[in-house]
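Single-letter residue listing:
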Amino acid sequence: MKAVGRKLGAADRRLLPEGRLAGPMPWVIAIMMFLTVLAAAAGLGLGSAAAGLNAAVGDRVTVQIMDPNPDVREADAARAADLLRHMNGVRKVRRLTPAEINRLLEPWLGAGGAGSDLPIPAMIDVDLGPGGGARVGDVRDALARAVPTARLDRNSDWLGPLGRLISSLQWLAAALVLMMIAATSATVVLAARAALDTHRGTIEVLHLMGATDVQVARLFQRRIALDAAFGGGIGLIGAALVMLLIGARVAALGSDLIGSAALPPGAWLLLIALPVLGILLSMLVARWTILRALGRML
Amino acid sequence: MRTFWVVYVTLPGMRWEPGGTGAEAVLRAAETIVQFDNVGLRYGTGAETLSDLSFSLRQGGFYFLTGPSGAGKTSLLKLLYLAQRPSRGLIRLFGEDIVTMPRRRLPGFRRRIGVVFQDFRLVTHLSAFDNVALPLRVAGVEEKDLKAPVKEMLAWVGLGHRATARPATLSGGEQQRVAIARAVIARPDILVADEPTGNVDPEMAKRLLHLFDSLNGLGTTVVVATHDLHLISSIGRSEMLRLDRGQLLDPTGALRNPPRRTDA
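For the protein sequence lines, the chains are L and Y, in the order given.
Heads up: the first sequence begins at 22 in our numbering, then just goes up one per residue.
Heads up: the second sequence begins at 19 in our numbering, then just goes up one per residue.
Among the hints, a few may not be true.
[Claimed, not checked] Residues on chain L that point at chain Y, a partial pick, calculated with CB under 7 Å:
id : residue
1  : 170
2  : 226
3  : 229
4  : 230
5  : 231
6  : 232
7  : 233
Derived from the structure by calculation, the hints contain no laboratory data.
Quick reminder that beta carbons are idealized off the backbone N, C-alpha and C, glycines included.
Isolated chain L (complex conformation) (with noise of 0.2 Å):
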């Protein structure tokens, strides 16, 4: 009485009639497994752009003179570039030309709209590097200090709302995901029942053999890993399709902001060990209602 708990071989997957790809399951799958890639793409996407977005302005300051004498307005811009070029801890100083002020108020003023006649402040780019944001009160009160006119604004000040909207979003893309997987689970949960109950007879027959509850389990969870590797395969292909697409349509909207959320290297890796990851859990699933169903019986 050797090996009660044998794996059935090859010619024992037979057991159950080859009826692969002919159910819903496979492409219940697929959809599903699309729409998780999806999912988790926006949530990684929108990370690496909250990652980029704040690497790239989160430590950054504007400072503003709003004098309305021209001239006063250039000593005290020429001053304050001067104190901040000279402070410990601040990276880099940079004055914006009046044409990038211009180029900046066009959207509201038109073109040439901002002139002469208009008080326009004088704007300086001020990048502190990173952990810049603790230092920001040392900056301003130097120049409350030297400058008076100065007004000094934190990048971050408007980066928080968009930066909650991403958080959200990412919460949003990780709870799809979740909910995703467990539809996923019921779904492999369904289909075992189904299974179960189609070839009943064989597995009754099966079990006044001497089968165990383990080796007919096998039997399910292969057909289900190979149902779930085919609809995990195209759902994954139709993602990537999808994203490659868009990712095409950002590149031609040359927008800074909406393609920062372009992903990383690693992501794609967690992407395509998505549906690797669909076929172990379909499996564990098919494993877990079979064996369940199977305990229910003599």
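Model the placement of chain Y on the given structure of chain L, informed by the hints.
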């Protein structure tokens, strides 16, 4: 083939039991392979299908189970081949209480029991060869070791030429022979057959009975449920269990030996 059979021939239900001298205990255990004590079976909340069954079967015995339709023959066989547990009473199989036995241990016992179902219960999408090979595959026999015995068994039941045929393409008699080949291929310790010759011609019935007889000669305990009196009388050393309305008509076993044919 030979290796597999040798393995199973060395697996009689011999188990030392306390009481008496060691030799007596071994002898007793070797003789009694099935023990029913006050067994009752009830499906759901209905009346008892089987009541107060108490009997024992010897290892190597040949038993016919008879009785009118609805007497409970199939239910009794289900208890024997572990498709049901009794509602009450004690059943010992191969010296072990199988009523309270955890279900994870049942497969090991089931592999020692060959069953010919009344409705054959062949796996419809498998060929005759694969159906017959099923018990060997479940038991873990390698593919290279099972081809020869399965072919030989199919040839023995006269279906060597139908090895690749699916059950749907076989006649009732052919399906029954496949079912019988499947039941005996693993050389079980107990062979349980429910009307095994119901769909075959007299000549084939004789051949199949000869197969059962040969197995019995090798030590397999055979239990056959049948209405066929000719069948019963053709095995000289057989005993008879008679059931009626779920009860054994001969609880003492005094009338177990059926009348013999004198012209045989």
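Going through the hints against the structure:
| no. | hint | result |
| --- | --- | --- |
| 1 | 170 | violated (85 Å) |
| 2 | 226 | holds (5 Å) |
| 3 | 229 | holds (6 Å) |
| 4 | 230 | holds (5 Å) |
| 5 | 231 | holds (3 Å) |
| 6 | 232 | holds (5 Å) |
| 7 | 233 | holds (5 Å) |
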